[in-house]
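Q: Given the coordinates of chain A, assemble chain B onto it according to the supplied hints.
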Amino acid sequence: AQSVSQHNHHVILSEAASLELGCNYSYGGTVNLFWYVQYPGQHLQLLLKYFSGDPLVKGIKGFEAEFIKSKFSFNLRKPSVQWSDTAEYFCAVLARGAGSYQLTFGKGTKLSVIP
Amino acid sequence: EAGVTQFPSHSVIEKGQTVTLRCDPISGHDNLYWYRRVMGKEIKFLLHFVKESKQDESGMPNNRFLAERTGGTYSTLKVQPAELEDSGVYFCASSRLVGSGANVLTFGAGSRLTVL
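So the sequences go chain by chain: A and B. Going by this note's numbering, the residue at position 7 of the first sequence is 7; the numbering climbs one at a time, nothing skipped. In this note's numbering, each residue carries its 1-based index in the second sequence increased by 1000.
Don't read these hints as lab results, they were simulated from the structure. Take these hints with a grain of salt, some might be off.
Said to hold, decoys possible - Listed below are the simulated BS3-like cross-link pairs for lysine-lysine, each with C-alpha atoms no more than 27 Å apart in a straight line:
| # | chain 1 | residue 1 | chain 2 | residue 2 |
| --- | --- | --- | --- | --- |
| 1 | A | 69 | A | 107 |
| 2 | A | 107 | B | 1041 |
| 3 | B | 1044 | A | 107 |
| 4 | B | 1044 | A | 110 |
| 5 | A | 49 | A | 69 |
| 6 | A | 110 | B | 1054 |
The following block holds chain B by itself, in its conformation from the complex:
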């Protein structure tokens, strides 16, 4: 099966600009997660979708971040306006909702965001 795909792989923007990251999960995976790794720190949970619904967005840093998953397929994460501290690698992961794979997340390659 195709893996989790993320786009772009690297984005360089200036402070105050907007960036939209996209994640295409594995087909049939209803769980979709966003994580972020700021340089030198641990990978941190941002939010969790079940199909098109936000199950848990407790990790979202602030209201400059907006995640959507219209139709329950791909997801976007928009940062507007971007700040310097938003720089990092944004990972997307997906998993099945039920069954043996429900608790096993498959990760994408990540989108590296650099805010200048």
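Just chain A, same shape as in the assembly:
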């Protein structure tokens, strides 16, 4: 079965600091990769996705992620975070499960940005 590992449970940064959140997955076949974000009091929103092609994908709000197939990784980056980026970030992989294609999530990383 596929699994997703997010390296950090809670990250605290000052505004303007650079961000990199690690994500590794285990699955041998073709995968679609996602980062979702949940801002306080809001629902899960899609930040960016990778299906194929250029392994460097750009998402909303200045976020980007790089798919490195050899490392089974899909790390999320942002050059300069803002206070409004405070949220919980989830890496997810869409792959075939027991009966259908399922999204498998990591445990999430809480990001706190200090003004």
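A: Using the frame of chain A, we list chain B on its own:
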């Protein structure tokens, strides 16, 4: 387009009671999913509908959970009888069956269930 709507946003019940959660997917989305996040743990897949049919219910914890999607529109998830370990946030998501949006799930705000 309107998003995925879930009701109630928060439900507090006692152990042994019954709760029914409802999800209204985005209009035209034939795929409907239920996920659950127990506190401190990852968001886990429960089941997947394609229209009114259960495509995959491999994630359902046990037979106290019953999901339906009569008519292929909204879905309900009933927990009967509820146990303490059922507490968590239940997310619903939907997506198109075909096309570029088929593998992109849109999530609802979740229904928080607290079992006392």
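Q: Could you run down the list of hints and mark each one as holding or not?
A: Verification of the hints:
1. Proximity of residue 69 of chain A to residue 107 of chain A is assessed by CA-CA distance (about 21 Å); at most 27 Å being required, the pair is judged to hold.
2. Distance hint between residue 107 of chain A and residue 1041 of chain B is fulfilled; the C-alpha atoms sit about 6 Å from each other, no more than 27 Å.
3. A hinted pair counts as satisfied when its Cα atoms are at most 27 Å apart, and residue 1044 of chain B with residue 107 of chain A qualifies at roughly 10 Å.
4. Distance restraint check for residue 1044 of chain B and residue 110 of chain A: the Cα-Cα separation of roughly 18 Å lies within the 27 Å cut-off, and the hinted pair is therefore satisfied.
5. Restraint check: the Cα-Cα separation between residue 49 of chain A and residue 69 of chain A comes to about 15 Å, which is no more than 27 Å; the hinted pair holds.
6. Pair hint residue 110 of chain A plus residue 1054 of chain B does not hold up; C-alpha atoms about 33 Å apart against a cutoff of 27 Å.
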